[in-house]
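Fit chain C to the supplied structure of chain B, relying on the hints for placement.
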Amino acid sequence: MAMTQVEKDQVYERARHTSYDVYEIFVQASDLDPHVHVGSLLAPSPEWALQLARENFLRRADAINIWAVRRSDVHATPDDPDWFAREFDRKYRDVSGYADNARRWKRFKAQAMNIDDVIADVRKE
Amino acid sequence: MAIEADARVRDAILGGLALQLADEELFLGHRDSEWLGLAPEVEEDVAFASIAQDEVRHASFWYELAEACGFGQADALAFDRAPSERRHAALCARPNGDWAYTVLRHYLYDAWDAVRLAALAESGDEVWASGARRMLREEHYHHLHMERWVVDLGRAGGEAAARLRGAFAALLPDLPDLVAFAVDPQALVDLGILSRPLADLRRAFVARVEATLSRAGLPAEEIAARLAAHPREGARQTAPDHDAAALLETMNGVRSLGAAVW
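Which chain is which? The protein sequence lines are B and C, in order.
Quick note on the numbering used here: the first sequence kicks off at 1 and runs consecutively.
Quick note on the numbering used here: the second sequence kicks off at 126 and runs consecutively.
Isolated chain B (complex conformation) (with noise of 0.2 Å):
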């Protein structure tokens, strides 16, 4: 005998009620910290997720917040390659110009002091 739809909706209800989802677990170790990506779990509620979060990955770190979040709720970006498409160069927005400032600024410097001791001994003069 086929089910009615409310016993179809019975056993959707009892379904989701049992089923367990992924959350991804974000951990925070102290104030100053961001929460950061440590892994994730399967579980049957958002609180159960925290509890299995709790002993399953601060059993040696410390924390001061853990964040569970269902991986369904996550927003990502569609799989094509387009959305992180690079057609030109860009090398102008690096900051790899400033890498050898230490080196240019301690030649120059040096430079600077030779003036100086020119000036020093034209006033001795």
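Calculated directly from the structure, the hints in this document are not laboratory data.
Glycine included, each C-beta is placed from N, C-alpha and C at the ideal position.
Where hints are given, some of them may not hold.
[To be verified] Computed from the model, here is a short list of chain C residues facing chain B with C-beta under 10 Å:
hint	residue
1	H155
2	E168
3	E169
4	V171
5	Q178
6	S248
Same frame as chain B, now just chain C:
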């Protein structure tokens, strides 16, 4: 001279209590750890083992207190005492049975542990009081964990609820000895270690578990009746040897080789 004698009496009573608490935590922790690799979910497997490790750590705190009372070296107290010398409640050393029995036992033990730790936290002895306060903070989360299991199994219906009812029936006869002391509780009150008499603590225990057990569909009212029928006013009797003997055999492989060097 009289003061020395008083100190000896005090140490004998407090050391006896420390050994009781230590044996209970050690045996329950070891029974819990037997689930490693077998718990119903991989997440619970790690979580339950982590809780078991907490219990064993608590045991070592109590063994150190027993050592301070002149009962001998803590490791020897943990590993070398014969089953007949142990002070645990029988329930702590029982074989695990199924998952429903395991979580309901741990729930009931934690509920009682919370009540007696709260009473010890108000103790006149600062070492006992501060140890109890620190343990209470950890035990709170164990308690939440087990409470959730008990309620979820009970409310799931079907086999889960049937097994939980079976576990309750099996645990009920062990409760009067659990909710009791291996030394005379009145002596603990007189020494200022226990802030409230046993009858008070028992009432607090019943109040603590009743709502949760009812929510899980269990006949919670049977607990108060069972406790009333077995008041255990003095020091309770020691638990039967065989469960402790079986546990010690699996725990003490290293000891059987003589004094091991690490």
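Here is how each hint holds up against the structure:
1. H155: With a minimum Cβ separation of about 18 Å from chain B (threshold 10 Å), the hint on C:H155 is violated.
2. E168: C:E168 check passes; min Cβ-Cβ to chain B is 4 Å, inside 10 Å.
3. E169: With a closest approach of 7 Å, the C:E169 hint holds.
4. V171: holds (5 Å)
5. Q178: OK, holds: C:Q178 within 10 Å of chain B, min 8 Å.
6. S248: C:S248 check fails; min Cβ-Cβ to chain B is 29 Å, beyond 10 Å.
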